[in-house]
Structures are given as structure tokens and as C-alpha cells.
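Peer 1: With these hints in hand, go ahead and build the complete structure from the sequences.
Order-wise, the sequence lines are chains A and B.
Using this note's numbering, you'd call the opening residue of the first sequence number 21 and step up by one each time.
Using this note's numbering, you'd call the opening residue of the second sequence number 76 and step up by one each time.
Be careful, since some hints might not be right.
Said to hold, decoys possible - Cut-off 25 Å, straight-line C-alpha distance, at most; resulting in silico cross-link-like pairs (DMTMM-like, lysine to aspartate or glutamate): (1) K217(B) to D100(B); (2) K177(B) to E178(A); (3) K117(B) to D93(A); (4) K82(B) to D125(B); (5) K185(A) to D204(B); (6) K135(B) to E178(A); (7) K117(B) to D100(B); (8) K80(A) to E198(B); (9) K205(B) to D155(A); (10) K97(B) to E23(A).
Keep in mind that the hints were calculated from the coordinates and are not lab data.
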Amino acid sequence: MVEWTEFERNTIQSIFANLNYEVTGAKALARCLVVYPWTQRYFANFGNLYNAAAIMGNPKVAAHGTVVLHGLDRAVKNMDNIKATYAELSVLHSEKLHVDPDNFKVRLLSPTFTTCMQSCVCVVEQSCDVMSLLDPQLLADCLTIVVAAQMGAAFTAEVQAAFQKFLAVVVSSLCRQYH
Amino acid sequence: IMSLSAKDKAAVKAFWAKAATKADDIGSDALSRMLVVYPQTKTYFSHWKDLSPGSAPVRKHGKTVMAGVAEAVAKIDDLTGGLLTLSELHAFTLRVDPANFKILSHNLLVVLATQFPEDFTPEVHVAMDKFLSALALALSEKYR
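Peer 2: Next comes the structure, spelled out in C-alpha cells:
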């Protein structure tokens with residue numbers, strides 16, 4: 021069970037309350053695809069990822085980045101049980117180990133999610149399927165860099181520690197579903 | 076090893092030209108963050124009176140570290156040869172676990188992002204990440 025200080029809780033709630041999901045999600049995923057180009061492997065159907073400019077301007081990357089960031093919402097709301105949050109959401113994971121590529125494509129590209137739950141399931145299922153190949157820490161590091169750039173001096177060492185701790189718990193909970 | 080392309084080296088040199096003016100602040104901030112966010116790194120500095128962010132020993136050591144980074148930029152065409160002495164220092168005297176190089180590099184990148192939000196683009200980020208990785212590898216050269 022992860023212990024959170026009041027400072028850590030407030031910091032995480034504050035960061036996510038002030039987040040522009042579309043902008044930050046897009047930037048974080050695009051940065052990940054540029055800085056760690058082997059991650060592009062999992063987005064072959066996203067169209068033009070030929071160079072940094074193409075990646076940063078790619079609307080599918082932007083859309084998916086937003087989805088991924090929203091996938092963190094439940095963890096933000098359930099900081100005391102992040103492990104169970106993602107366990108519950110990835111209950112279908114074992115059935116999805118051998119993904120039907122069409123199914124995967126539909127989930128990946130579908131722009132409409134009627135409920136947060138659906139989007140979270142989608143994100144986690146995608147994440148789980150992809151996780152065996154894609155290190156979520158890479159995206160976590162890029163998200164840290166993007167948030168740092170946005171917050172500037174307000175992203176103090178203590179804030180950084182809280183943010184990285186939160187992401188580490190999320191990454192650990194997601195990876196826990198793999199064996 | 077992923078070696079640095081001509082484009083990478085150009086990007087590093089161009090960005091460093093901007094960042095160098097704030098080298099001392101960058102070094103101090105990166106070290107401060109490392110000590111707070113990765114407290115296990117404090118063991119290397121148990122001889123310091125004050126390990127708090129921005130303290131005198133942290134500022135002084137930040138300068139030392141950044142001087143090393145500056146030297147590496149200047150010798151970017153032959154990091155292994157150029158950083159031989161520093162490698163021997165780290166290997167035989169300091170004996171810093173090389174795993175920590177990645178930790179400090181990460182914190183340097185975070186500081187660069189906070190200080191240069193517009194200039195630290197994804198392309199500059201990947202060039203700097205590659206450069207710091209190559210630097211760490213050169214420092215590890217003499218370890219075993």
C-alpha cells in the first residue's frame with residue numbers, strides 16, 4: 021500500500037486539475053515517439069511518422085496522447101488504491117493477450133468514447149497489449165519533461181519527486197498485470 | 076551503442092551555446108533534484124554538511140559537474156579519448172555506480188526543460204539524451 025503525504029496528494033491533484041489534456045497528452049506522446057523512435061513500432065497505422073515535424077503535427081498522435089493522459093484520471097482520483105484501479109480495468113487483459121489486429125486497430129483509432137470507463141479500459145487494454153513490448157517508463161519520462169517545461173520554476177524538486185512517484189506507482193500497477 | 080550523428084552533434088553544440096550561460100544554475104538545480112528525487116544518491120555526499128537544494132556544497136559541485144559537461148561538448152568528436160582522465164577518476168577514486176549517470180542525466184534534462192521550454196524541443200531532447208548517454212559511456216570506460 022503506497023503512503024502519500026498531504027503535499028504529494030495536493031501536488032498531484034493540482035497538476036492534473038490544471039492540465040490541458042489535449043496539449044500535454046499530444047506533446048508527451050509525440051516527444052516519446054521522437055526521443056525513443058523504436059516506440060513508433062506500435063503506431064504503424066498512425067500515418068506519417070517520418071520525422072519529428074510529422075510526428076508533432078500528426079493528429080492521430082495528438083488524439084491518442086489525450087486518451088493516454090485521461091487514462092491516468094482514475095489513478096488521480098484513487099491514489100490510495102492505484103493497483104486495484106488498474107487491476108479492475110484490465111480484468112479482460114488475459115483474454116486479450118493475442119489481440120485481434122482489427123480489434124486493436126478499432127480501439128486505437130476510435131475517436132469517440134462515451135464514458136471515461138471505456139476510454140480507460142481502452143487505454144489499459146492497449147497499454148497491456150503493448151506493454152509486453154513497450155516500456156511505459158519511456159512515456160512517463162517524456163510526460164515529466166513536458167510538465168516540467170510547462171510549469172517552469174514551479175516544477176520544484178519536491179513537485180518532481182511527487183509526480184515521478186505517482187507515475188512510478190501507475191507504471192508498476194500496469195506492469196503488474198503481465199507475467 | 077548509438078553513436079552521435081553529425082546532426083546530433085550540431086544540435087548539442089547549438090543548444091549548449093545557449094545553455095552554457097546558465098551552466099552553474101543548471102548544475103546546481105540538477106544535483107539538487109537528484110538528491111531530493113533519488114535520495115539513495117545522497118550516500119555519495121555523506122561528507123557534505125548540507126545536502127539541501129541550492130546549498131553551498133551543492134552549488135559548488137554543480138559547477139564542477141557542468142565544467143565536465145562543457146569539456147565533453149568540446150570533445151564531442153572523441154568522448155572516450157577526451158574524457159579518459161575523468162573516467163579514471165570516476166572508476167578508481169569516486170567509484171560512482173554507473174547506474175547513477177542515467178539518474179543525473181535525467182535530472183539535467185528536466186532542468187533544461189524548465190529553463191528552456193521553447194528551445195528544448197523533442198529534437199534537441201533526443202540529441203541531448205544521446206549525448207549524455209555517450210558521455211556516461213565514456214565515463215564508464217575505465218571501470219572494468
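Peer 1: Now tell me, hint by hint, if it's right for this structure.
Peer 2: Tested hints:
A distance of roughly 30 Å separates the Cα atoms of K217(B) and D100(B); the hinted pair therefore is violated under the 25 Å criterion. Taking the CA atoms of K177(B) and E178(A), the gap is near 20 Å; set against the 25 Å cutoff, the hint holds. With a C-alpha separation of about 33 Å, the suggested pairing of K117(B) with D93(A) is violated against the 25 Å cut-off. Of the pairs offered as hints, the one joining K82(B) and D125(B) is violated, with about 41 Å between alpha carbons and a cut-off of 25 Å exceeded.
Between K185(A) and D204(B), the direct Cα distance comes to roughly 22 Å. Compliance with the 25 Å bound is thereby established for this hinted pair. For a cut-off of 25 Å, the pair hint linking K135(B) to E178(A) stands: about 21 Å separates their Cα positions. The straight-line distance between the Cα atoms of K117(B) and D100(B) is roughly 20 Å, inside the 25 Å bound, and the hint therefore holds. Using a Cα cut-off of 25 Å, the hinted pair K80(A) and E198(B) holds, with the two alpha carbons roughly 20 Å apart.
Proposed proximity of K205(B) and D155(A) is supported: the alpha carbons are some 18 Å apart, at most 25 Å. Distance restraint check for K97(B) and E23(A): the Cα-Cα separation of roughly 37 Å exceeds the 25 Å cut-off, and the hinted pair is therefore not satisfied.
When held up to the earlier numbered hints, the structure conflicts with 1, 3, 4 and 10 and fits the remainder.
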